[in-house]
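Fit chain W to the known structure of chain X by using the hints.
Note that the protein sequences, when read in sequence, are chains X and W. Quick note on this note's numbering: the first sequence kicks off at 1090 and runs consecutively. Quick note on this note's numbering: the second sequence kicks off at 55 and runs consecutively.
For the record, the hints were derived by calculation from the structure and aren't laboratory data. Bear in mind the structure is a predicted one, so any value in this text is a computation, not a measurement. From the three backbone atoms N, C-alpha and C, an ideal C-beta is built for every residue, glycine too. Hints should not be assumed to be uniformly reliable.
[What the hints assert, rightly or not] Output of the computed footprint for chain X on chain W, the stretches with three or more beta carbons under 8 Å from beta carbons of chain X:
1. 101 to 110
2. 121 to 130
[To be verified] Ranges between beta-carbon positions, derived for each pair:
3. W/D130 - X/L1200: 20 to 30 Å
4. W/L132 - X/A1192: 49 to 59 Å
5. X/D1258 - W/I148: 43 to 53 Å
6. W/V121 - X/V1174: 42 to 52 Å
7. W/D130 - X/T1115: 27 to 37 Å
8. W/Q80 - X/T1115: 33 to 43 Å
9. W/Q137 - X/N1261: 33 to 43 Å
10. X/Q1184 - W/Q80: 45 to 55 Å
11. W/Q137 - X/S1333: 56 to 66 Å
12. W/L77 - X/G1287: 25 to 35 Å
13. X/A1192 - W/V121: 55 to 65 Å
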Amino acid sequence: MTSRHADEAGAVQVDRRPDASMTLLTEFYRRPLDPGYALAAERRAAGHAPPRRRLGIVGLVVLAVLLGLGTAAATAALRQPVGQVSEARRVLESQITERGDEAAELQQQALALSDEIATMQSSVLGSADEPLQSALTAGAVEAGSLAATGPGLRVVLTDAKSDHPDAEDPDNRVQDIDLQVLVNGLWEAGAEAIAINGQRLTSMTAIRSAGSAVLVDLVALSSPYTVEAIGDSVQMQTELARSSTGQLLATLRATYGIGVDMSSERRLALPGAGLTALRSASVPEDSRLPVPASDAPSGPVSSGAAGVAGSAGRAGGGGQ
Amino acid sequence: MIAVIGLVVGVVAGLLLQPTVPLELQPYLPIAVVAALDALFGGLRAMLDGIFDDRVFLTSFLSNVVVAALIVFLGDQLGVGTQLSTAVVVVLGIRIFSNAASIRRHLFKA
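With the rest of the complex left out, here is chain X (with noise of 0.2 Å):
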């Protein structure tokens, strides 16, 4: 009580500083110093600082040896574990440009090579067997080891617009299940080759998804994504849509928002997916190829393969 009426009192002689309001910050300012340092010295000057004994002075040297001890510790700790991360980030990073580089050039060798085998195949078998020559051209567009040309159908496949891509919602995402489907009505519907985003399907070619990519031959998609068919595009489309893909793409865009768009192409090109390797092969009882006695030993096999590959490609291509 006392105390309160001094101050009023005290309030109204005593100038108000400009700053008052400041006066934290002023009092760090000012005064950065420890009091203690004072008080100890002032201390020591009147000559009543208490007397030092042994057992103070290891506990101080003790608790100096732990302070500087924890310190350096904290200040390593700190610092150590951003130059192991920034590195091995550097590392990683510099692994994943080199093997990226690594299977460029080794895809740019392997188209390569198939082209250098197509024609040197060309070659052997010359101009003297048509037949089997042009048998065995279409059973390679069949396939999917060469690249075609032709009129067809494009489908291009959007995912849905989304307001917040963060908390996107993976219904409303093109999924490896909608390309799949796609893709077996496309053949379903006489389509002759089929590329999605310049991704050659092959009888051994997989639509998977991983994560929230969708993965054409082990090689990661995204949206949009386009599905070029070649073959009667009229008769695809038609067939298309009075199959059960017609439906799910209706769905896809009434129910989804994923963008369907269907075009009939004058001229598409796909590309090769090169040579794909021969696990077995067998010569099929009903061999629509001549097989000729007086040619080379290699031609049989090969066109025999070439058959079983095409007949599979449109097998296979309907279980992706």
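For chain W alone, coordinates are given in the frame of chain X:
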């Protein structure tokens, strides 16, 4: 002076031994290091002022570190951890700054 020698011995031992800091203490390390810096600058200034005292130095060092860590811990519990850390860094930063300024005046007379 014995406190300074002990501190140097501790720092050298820490650099040589590289002890690992427990994971639970990791969030408090930055603030604790800033608090330790503040105590170090305070001690240096007191030394130049001629009023250095081992006991005050070590006590202020220890209490600075503990209180700073405690404030961050409390802030984390209350959900204002980052704001309180900022407050602690501002206050200690001002102190370090003005102590450094007065050390500079002592050393360079300017």
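Against the structure, the hints:
Closer than 8 Å: that is the beta-carbon criterion, and the stretch 101 to 110 of chain W has 8 residues meeting it against chain X, so the requirement of 3 holds. Taking a C-beta to C-beta cut-off of 8 Å, the stretch 121 to 130 of chain W contributes 0 residues in contact with chain X, too few for the three needed, and the coverage statement is violated. Taking the beta carbon of each, W/D130 and X/L1200 are about 58 Å apart, not inside 20 to 30 Å as hinted. At about 52 Å, the CB distance of W/L132 to X/A1192 agrees with the hint of 49 to 59 Å.
Evaluation of the 43 to 53 Å hint for X/D1258 and W/I148 yields a pass: the beta carbon distance comes to about 50 Å. Separated by about 31 Å at the C-beta atoms, W/V121 and X/V1174 break the suggested range of 42 to 52 Å. With their beta carbons about 30 Å apart, W/D130 and X/T1115 fall inside the hinted range of 27 to 37 Å. Evaluation of the 33 to 43 Å hint for W/Q80 and X/T1115 yields a pass: the beta carbon distance comes to about 35 Å.
A hinted range of 33 to 43 Å holds for the C-beta pair W/Q137 and X/N1261, which are about 38 Å apart. At about 29 Å, the beta-carbon gap between X/Q1184 and W/Q80 misses the expected band of 45 to 55 Å. Restraint check, W/Q137 to X/S1333: a C-beta distance of roughly 59 Å satisfies the suggested window 56 to 66 Å. Under the hint 25 to 35 Å, the C-beta atoms of W/L77 and X/G1287, about 48 Å apart, miss the expected range.
The hinted window of 55 to 65 Å between X/A1192 and W/V121 holds, with their beta carbons roughly 57 Å apart.
The earlier numbered hints that this structure contradicts are 2, 3, 6, 10 and 12.
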